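Residues per chain are reported as follows:
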Amino acid sequence: MSISGKAAIAGVYEHPTRWAPDATEFQIMAESARGALADAGLTLADVDGLFAASMTMGAMGMIELAEYLNVKPDYIDGTNVGGSSFVAHVTHAAAAINAGLCEVALVLYGSTAASSSVAIGTGMSHGNRGAHESFTSPYGLTTVGSYALVARLHMERYGTTPEQLAEIAVTMRRHAGLNPAAKMRAPITVDDVLSSRMISDPLHLLDCCIISDGGGAIVVTSTERARDLRQTPVLVLGCGEAVAHPEIGSPDLLTVAGAQSGARAFGMAGVRPADIDLAMVYDSFTITVLATLENLGFCARGEGGDFVSGGRIGLGGELPVNPDGGGLSNNHPGMRGIFLVIEAAKQLRGECGDRQVAGARLAVAHGTGGTLGVSHSGATLVLGVA
Amino acid sequence: MADLQHPLVYASWETRGYWEGAGRGELVLQRCDACGTVQHKPRAICASCMADAPRSFVASGRGTVYTYTVTHQNQLPPFAAACPYVMAYVELDEGPRLLTHIVGCDPADVRIGMPVVVDFQPQERTDGEVFAVPRFRPA
Numbered sequence: 006m007s008i009s010g011k012a013a014i015a016g017v018y019e020h021p022t023r024w025a026p027d028a029t030e031f032q033i034m035a036e037s038a039r040g041a042l043a044d045a046g047l048t049l050a051d052v053d054g055l056f057a058a059s060m061t062m063g064a065m066g067m068i069e070l071a072e073y074l075n076v077k078p079d080y081i082d083g084t085n086v087g088g089s090s091f092v093a094h095v096t097h098a099a100a101a102i103n104a105g106l107c108e109v110a111l112v113l114y115g116s117t118a119a120s121s122s123v124a125i126g127t128g129m130s131h132g133n134r135g136a137h138e139s140f141t142s143p144y145g146l147t148t149v150g151s152y153a154l155v156a157r158l159h160m161e162r163y164g165t166t167p168e169q170l171a172e173i174a175v176t177m178r179r180h181a182g183l184n185p186a187a188k189m190r191a192p193i194t195v196d197d198v199l200s201s202r203m204i205s206d207p208l209h210l211l212d213c214c215i216i217s218d219g220g221g222a223i224v225v226t227s228t229e230r231a232r233d234l235r236q237t238p239v240l241v242l243g244c245g246e247a248v249a250h251p252e253i254g255s256p257d258l259l260t261v262a263g264a265q266s267g268a269r270a271f272g273m274a275g276v277r278p279a280d281i282d283l284a285m286v287y288d289s290f291t292i293t294v295l296a297t298l299e300n301l302g303f304c305a306r307g308e309g310g311d312f313v314s315g316g317r318i319g320l321g322g323e324l325p326v327n328p329d330g331g332g333l334s335n336n337h338p339g340m341r342g343i344f345l346v347i348e349a350a351k352q353l354r355g356e357c358g359d360r361q362v363a364g365a366r367l368a369v370a371h372g373t374g375g376t377l378g379v380s381h382s383g384a385t386l387v388l389g390v391a
Numbered sequence: 012m013a014d015l016q017h018p019l020v021y022a023s024w025e026t027r028g029y030w031e032g033a034g035r036g037e038l039v040l041q042r043c044d045a046c047g048t049v050q051h052k053p054r055a056i057c058a059s060c061m062a063d064a065p066r067s068f069v070a071s072g073r074g075t076v077y078t079y080t081v082t083h084q085n086q087l088p089p090f091a092a093a094c095p096y097v098m099a100y101v102e103l104d105e106g107p108r109l110l111t112h113i114v115g116c117d118p119a120d121v122r123i124g125m126p127v128v129v130d131f132q133p134q135e136r137t138d139g140e141v142f143a144v145p146r147f148r149p150a
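Line order of the protein sequences matches chains B and Z.
Numbering-wise (this note's numbering), the first sequence opens with residue 6 and increments by one.
Numbering-wise (this note's numbering), the second sequence opens with residue 12 and increments by one.
What the hints contain is simulated information worked out from the structure, not anything from laboratory work.
It should be emphasised that the depicted structure is a prediction, and the values quoted were computed from it without experimental measurement.
Glycine is no exception: its CB is placed at the ideal position from the N, C-alpha and C atoms.
Where hints are given, some of them may not hold.
Among the chain Z residues that face chain B by a calculated CB cut under 8 Å, a handful are [to be verified]:
(1) H17
(2) V20
(3) Y21
(4) T26
(5) T78
(6) G106
In silico DMTMM-like pairs for lysine to aspartate or glutamate, Cα to Cα no more than 20 Å straight-line [said to hold, decoys possible]:
(7) Z:K52 x B:D257
(8) Z:K52 x B:E138
(9) B:K11 x B:D51
Okay, the calculated bits of chain Z under chain B, using three or more residues with CB under 8 Å as the criterion [as the list claims (entries may be wrong)]:
(10) 51-63
(11) 109-115
Make a model of the complete structure from these sequences and hints.
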């Protein structure tokens, strides 16, 4: 039995802060929860499912969050698969709602990654004892480096150029210029990207997402209930999740988790990539966008470089990607997945002003979590309005 | 590039054989007696058929560069002072890929497909363990 279309996003809120030295993660989550519930026309008393993840929540994090919010939910999900977690949370919420385990699910994220000086890309230690870290920490693999391994291979195999990757960053910055809340709004050129300092070859500084503070919230409920609430329901039409880890059997490093999660999400929704009006793609780095678009099937393998060129992924193009400016220019408080869903919902509700994708009815949100070239998660949603 | 002393490695019960092998100058992989799968990273069961106790063996130490990146920025010591250094996946002749460094050449000369051979850096430790870190250099 498919759950396609049976759950809907009823409310969303993107916290406006990009710099919050005096806030805590839970405070940003709570303020976001207030915003999303107001958007939906609900209150905290309606919430019976709690979903969250963050950079610092540990084994007891969900209990501490419930205490902070003063809620006693019937359903709790603290799945943390990195930045894609919140895309997966919406899937899990849709399943739980459809199974009758909860009715109103609240998905939360909050972070002070920037004001806490968390050097996510090139200075974050995960310790040296884990099954994974004990083999990466002796070598100093950075987050940027793990994505650069994929970029280098793509360039070698398909002739993808630094200019093509740079065009992704330029497009995201152009979009951010249309988003008053975005952190980085001044236009950049391909030359700006290529002349920014090299972080991990072939990825330059401007191939990398920014680091901000921020957070957000999503309210998911049954489509039936959502129809009686304030906003146009944004239907969860398809969903999928996956992990990819390229060591045993040495599979192709350019086949990322999105190939598996995307096929499942499109299959459930009964639509094809060509039907999609806009894509929200986790843009931790420019290569993440290129690899994701190929693996979701928006273009053939190896054609990503051409696909992202010529304005095709810009507003007004064939497939607008991240009209909010993405993690490259709008916000990236450590784990960005929640904003993919929030912006997709706002776009489908037609409330995005200067950056609105005209007539958007179908959107894809795809999150990547972890380190693309080593091991990572992927979560895909196909969302639509009736 | 400053000469990098790799951070002290941590060996668990499952990975001790790998690091001890490196300490002897041997690159140790595992092969499953039941299904023949060669695996890395080391673990207590075969990742292909779930049989117990894959057998350790000494690999050739030869392979080719599958992909690489020249790290220009890492804020963590001791890597900050060692930039630029070359992170790479080396595809071993036995099949598995190893995340490692390419040393012994100009970073600008590293190429995908380049034949490489293992090169061990012994660790200076005070805990009595004799471990080393496998890196690779042009063959």
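Against the structure, the hints:
no.	hint	verdict
1	H17	holds, 5 Å
2	V20	holds, 5 Å
3	Y21	holds, 5 Å
4	T26	holds, 6 Å
5	T78	holds, 4 Å
6	G106	holds, 6 Å
7	Z:K52 x B:D257	holds, 17 Å
8	Z:K52 x B:E138	holds, 11 Å
9	B:K11 x B:D51	holds, 19 Å
10	51-63	holds (count 5)
11	109-115	holds (count 3)
In terms of the numbered hints stated before, the structure departs from none.
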